[in-house]
Each structure stands twice: as structure tokens, then as C-alpha cells.
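Sequences listed follow chains X and R, in order.
If you read the first sequence in the working numbering, its first letter stands for residue 989, the second for the next number, and so on.
If you read the second sequence in the working numbering, its first letter stands for residue 989, the second for the next number, and so on.
Just so you know, the hints here were simulated from the structure itself, not pulled from any lab data.
Any given hint could be a false lead.
Identical copies go unnamed one by one, so any copy, or any two together, can satisfy a pair.
[Stated by the list, open to error] Cut-off 16 Å, straight-line C-alpha distance, at most; resulting in silico cross-link-like pairs (EDC-like, lysine to aspartate or glutamate):
hint, residue 1, residue 2
1, Lys1210, Asp1163
2, Lys1176, Asp1199
3, Lys1032, Asp1222
4, Lys1004, Glu1101
5, Lys1177, Asp1061
6, Lys1154, Asp1124
7, Lys1035, Glu1219
8, Lys1035, Glu1186
9, Lys1154, Glu1203
10, Lys1146, Asp1061
11, Lys1035, Glu1161
12, Lys1035, Glu1101
13, Lys1176, Glu1200
14, Lys1210, Asp1222
15, Lys1176, Asp1204
16, Lys1177, Glu1203
17, Lys1146, Glu1188
18, Lys1035, Asp1061
19, Lys1146, Glu1203
20, Lys1160, Glu1186
21, Lys1146, Asp1208
22, Lys1004, Asp1222
23, Lys1210, Asp1178
24, Lys1154, Glu1188
25, Lys1035, Asp1220
Residue strings, one per chain:
2 protein chains.
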Amino acid sequence: MEARTSVIQSRLEQVKQIICVASGKGGVGKSMVASNLALSLSQKGLKVGLLDLDLYGPSTHVILGVQPDSFPDEHHGIIPPVVHGINFMSVVYFTEDKPGAFRGDDISNIILELLAITQWGSLDYLIVDLPPGIGDEILDVIHLLPQSKYIVVTIPSKVALRAVEKLLRILKELDVPLLGVIENMSFKKDSMVTAFCETEGAPYLGRLGFDESLEDAIGDPKKLQTSLFAEDMDVVVAKLG
Amino acid sequence: MEARTSVIQSRLEQVKQIICVASGKGGVGKSMVASNLALSLSQKGLKVGLLDLDLYGPSTHVILGVQPDSFPDEHHGIIPPVVHGINFMSVVYFTEDKPGAFRGDDISNIILELLAITQWGSLDYLIVDLPPGIGDEILDVIHLLPQSKYIVVTIPSKVALRAVEKLLRILKELDVPLLGVIENMSFKKDSMVTAFCETEGAPYLGRLGFDESLEDAIGDPKKLQTSLFAEDMDVVVAKLG
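Please construct the entire structure, taking both the sequences and the accompanying hints into account.
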């Protein structure tokens, strides 16, 4: 394992910033945030990579309209295909044809393997879509990509915040740099998430309003980029500096 | 293991029907459906148990307003506490104080253990809230509770249906009895999920409209039972016969 972890670092030598997008719970729009974050940064003229490590349900390829039919080119490692200006790599290239049940160790190995073989080249940002929850694979990524900063996505829901609370506690214990919390699928401006962030001492990065028409934009990055969701996302991205 | 699996069956001897609630993806409201299904059946005067096996993010206790502070009584096995008329048992009693990262084998063992020690007694229905996704733990439950019937919860979203498609394929391959698919968080009557069910040959059990006020009812079963969500749920329950 140690040989592969040093390979991973050499693969990322020319990557200036890594942002991992996490969520305490599935279904809060983590992949939508990660995809749009990548699109938004790319539109600013930055060189951006997007890595989907969500083995439980990879979806950034669906959101970006990528058909993961053929395995990317291999040339001393895998070269990520360029999708709408983004260097794109996903676990789906490994898992698409499998029924999708993995044990913890398989997951760790797939993550390790994918990080070790992907040739990102020079990037301003690498956005990583993490698996939901607070499983061991999050701990693996924290260990393997120690230079990463984290964004946590939540929705204004007691059930989701219960899970986020646990995730934030783990990130804090491990001294992981937290960029902040994004509130997604927000119907109204209320104080549930802002108050929560204050209690937890976590920066609040902003709210993304619930966008009913977003579903129609899935698979169509051009539509995504002109959605209300993307507008809200740009405000959040501006805060990231 | 075999000794424990036969214990499991003897624990369930007096349970007339087991319904497992699954989802291809997290965050589609699976736990909300499972909790309300249990409440709805219980209100009809039936004896109902609710078992939360969602190790990734147990939430039925939050929905029902249960504080899992003390481990339930042990008397030749664990006796589920009665919560609003429902015999309630959850993995949260095992996991509440832990950070929440489990490897696959731990998960299988916890599920096995919980099924082996819980004394359900006589029930008309046992509702099981499964982990989201299509991990090995689903296969474990299919193996350990072969008499179960399945309900699959989805939302009208391409990303969610992609995951449901995989789940339905697995259930079909394993000859698992499928009661049908519930469409949750539905904003408008459209044909996305009904058309999907037709293609997949899966019964469509009905739609649960998006209920903005549902969040306020979390933790308060009385409010839950009078919500629009519960009204829609009753229509679905009536179809289950």
C-alpha cells in the first residue's frame, strides 16, 4: 500500500487545490454540487478535474451526460477524458457493468487504485465527489489526500443535520480543513442550517434554492450552467476565493 | 453462522408478514416511508414492528422522536420498546455512541446479531428499513429473511431511477417478491416513474406528494399521522391489501 500512496502524491504534484465534497447523508445533492462546482470553476477559465469516488451510487456522469462505455485511454496511467472542459474520472468506469455490491475492502482498493493510475496533469482545482455518509472510505480519502479541503453539503432537515453533525465531528477530530457547509434544496430562508453551523463552529457558505427545473437539466451541462441552481452556486464559488 | 440463522427464523415464527423497504439511493425518503407505513398499519389496529437496519444513517428513531439512550430490556433476548404502538428496534442502539464507520463484515455481523437477539413476539407486520443502495447487506437480508416482500422507494429523478433500475434487477435475479415501487417527493403528476415501472415490469404503488410541512412533523408521530404525506401513504397502504 505504501508504494501506491506515494504514487498517488506524485500523480497530484501539479494539482494546486483539491476540494472534497462530502455529505453526512445521501440524497442531499452532493454530486450536483460537485459537478456544478467543477463547471463553475472551469467557466472562469481555470483548469479543473472532477473525480467521482461515490462507489455507492456514482452520478456525476449522469449529471454531465457522459456515457461511460469505454475505459479511458491508458498511457502510463489513465488519462481522464475531457467533458465540457473538465478532466473527468469516475469509479463508474470500474463498476458500471457490475451489480454494485462492494465490501469495505473492495471500496478502499478501488479508491486507492483509481487515485494511483489517474494522470491529472496540471490542474488549478481537483473536485472530488466523496461517497455519502461517514464510512471508512472517507477516512481513506482523508489519509490518501491530506492536502484536501472539505465542503459539506446538507439540506435543511433534522435527519440530515444529525448525520452532518457526526461528519463535522470526525473532520474536526482529524484536523481536516473545512471550507464550510453548503445548504442545498432550500425552500425558504430560515435559520435551521445557519444556526446549526454557528453551534458547530463551521463556516456557512450559502444556500442553493430548490430548483424544480433542475431535473430537466440533468445530462445537459449547458442547461445546468444556466440554471437557477448554477446562479446560486456561483455566489458560493465566489466565497471560496 | 448457521446456528444464528435458525435462531433468526425462530424469533420470527409469530410474525405474519415482513415488508422490507429499500431504495436504490439514499435521501429519497425510504425511512420516512417505512416509519409512516408502520404508523399507518398500527393505526388500523394491527400489531406492527419496525426494524431499522440502515447502518449508514439510521433515522427512524429521529422521525419517531425516540431517544436511543438506554439499551432495551434484555430477557432471553431484547424486547423492543413500544413507541406509539409500534414495537421498535434499531441499529442505532448499537451504533449511537460510535463514529459510524463500519466495514462490510461488521455490518453483516450487526444485522445478524440484531435479528438473532430481538424478540418480536406476535406481529401482523414487521417493517424493515434497509440500508440505501445495493450493497452486500441487502443480499444478507434477502438471505436471512427469505419470507420478506419488498417495497422500493424512489423519487422522480433520472439519477435515482438509474440506481433503482439496478436494485430491481438484483431483486428479480434473486426471485425476491416485489410489492412494488412508491414514488416519493412528487411535485407534479408526470409519467417518469410510471413509465419506468412499466418498462421494468414493476407494480407502481402510487405517489406521495412533496409535503413541505413534513419537516416540522419529524420527531412528532401525532403530527406525522395527520400530515398530507400520511394521507397519501394511506392510499398506498390500502393497495397492499
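How the hints compare with the structure:
Taking identical chains as interchangeable, the C-alpha atoms of Lys1210 and Asp1163 are never at most 16 Å apart, the minima being 38 Å within one chain and 42 Å between chains. Both within a single protomer and between protomers do Lys1176 and Asp1199 lie at most 16 Å apart by alpha-carbon distance, with minima of 12 Å and 14 Å respectively. Proximity of Lys1032 and Asp1222 under a CA criterion of 16 Å is satisfied intra-copy only: 10 Å inside one chain copy versus 50 Å between copies. Within a single copy, Lys1004 and Glu1101 get their C-alpha atoms no closer than 21 Å, and across copies no closer than 47 Å, so neither meets the 16 Å cut-off.
In this assembly of identical chains, Lys1177 and Asp1061 lie within 16 Å of each other by CA distance neither inside one copy nor across copies; the values are 46 Å within and 43 Å between. When the C-alpha separation of Lys1154 and Asp1124 is checked against a cutoff of 16 Å, the pair qualifies only within one copy, where the shortest distance is 13 Å, while the shortest distance between copies is 24 Å. Taking identical chains as interchangeable, the C-alpha atoms of Lys1035 and Glu1219 are never at most 16 Å apart, the minima being 20 Å within one chain and 50 Å between chains. With identical chains, the CA atoms of Lys1035 and Glu1186 are never at most 16 Å apart, being 33 Å at best within one copy and 43 Å at best between copies.
In this assembly of identical chains, Lys1154 and Glu1203 lie within 16 Å of each other by CA distance neither inside one copy nor across copies; the values are 30 Å within and 20 Å between. In this assembly of identical chains, the alpha carbons of Lys1146 and Asp1061 never lie at most 16 Å apart, being 44 Å within a copy and 28 Å across copies at closest. With identical chains, the CA atoms of Lys1035 and Glu1161 are never at most 16 Å apart, being 32 Å at best within one copy and 44 Å at best between copies. In the homo-oligomer, the alpha carbons of Lys1035 and Glu1101 never lie at most 16 Å apart, since the shortest distance is 23 Å inside one protomer and 50 Å across protomers.
Taking identical chains as interchangeable, the C-alpha atoms of Lys1176 and Glu1200 lie at most 16 Å apart whether they share a chain (14 Å) or sit on different chains (10 Å). Proximity of Lys1210 and Asp1222 under a CA criterion of 16 Å is satisfied intra-copy only: 15 Å inside one chain copy versus 41 Å between copies. Taking CA atoms no more than 16 Å apart as the test, Lys1176 paired with Asp1204 passes between copies only; the shortest distance there is 14 Å, against 22 Å inside one copy. When the C-alpha separation of Lys1177 and Glu1203 is checked against a cutoff of 16 Å, the pair qualifies only between copies, where the shortest distance is 14 Å, while the shortest distance within a copy is 22 Å.
In this assembly of identical chains, the alpha carbons of Lys1146 and Glu1188 lie at most 16 Å apart only when taken from the same copy (15 Å versus 34 Å across copies). In this assembly of identical chains, the alpha carbons of Lys1035 and Asp1061 never lie at most 16 Å apart, being 20 Å within a copy and 58 Å across copies at closest. Only between protomers do Lys1146 and Glu1203 lie at most 16 Å apart by alpha-carbon distance; the minimum there is 7 Å, versus 24 Å within a single protomer. Taking identical chains as interchangeable, the C-alpha atoms of Lys1160 and Glu1186 lie at most 16 Å apart only when both belong to the same chain, with a minimum of 15 Å there against 47 Å between chains.
Proximity of Lys1146 to Asp1208 under the C-alpha cut-off of 16 Å is restricted to the inter-copy arrangement: shortest distance 12 Å between copies versus 32 Å within a copy. For the identical chains of this complex, Lys1004 and Asp1222 are neighbours neither inside a copy (20 Å) nor across copies (54 Å), given an alpha-carbon limit of 16 Å. For the identical chains of this complex, Lys1210 and Asp1178 are neighbours neither inside a copy (31 Å) nor across copies (24 Å), given an alpha-carbon limit of 16 Å. Only within a single protomer do Lys1154 and Glu1188 lie at most 16 Å apart by alpha-carbon distance; the minimum there is 11 Å, versus 38 Å between protomers.
In the homo-oligomer, the alpha carbons of Lys1035 and Asp1220 never lie at most 16 Å apart, since the shortest distance is 21 Å inside one protomer and 48 Å across protomers.
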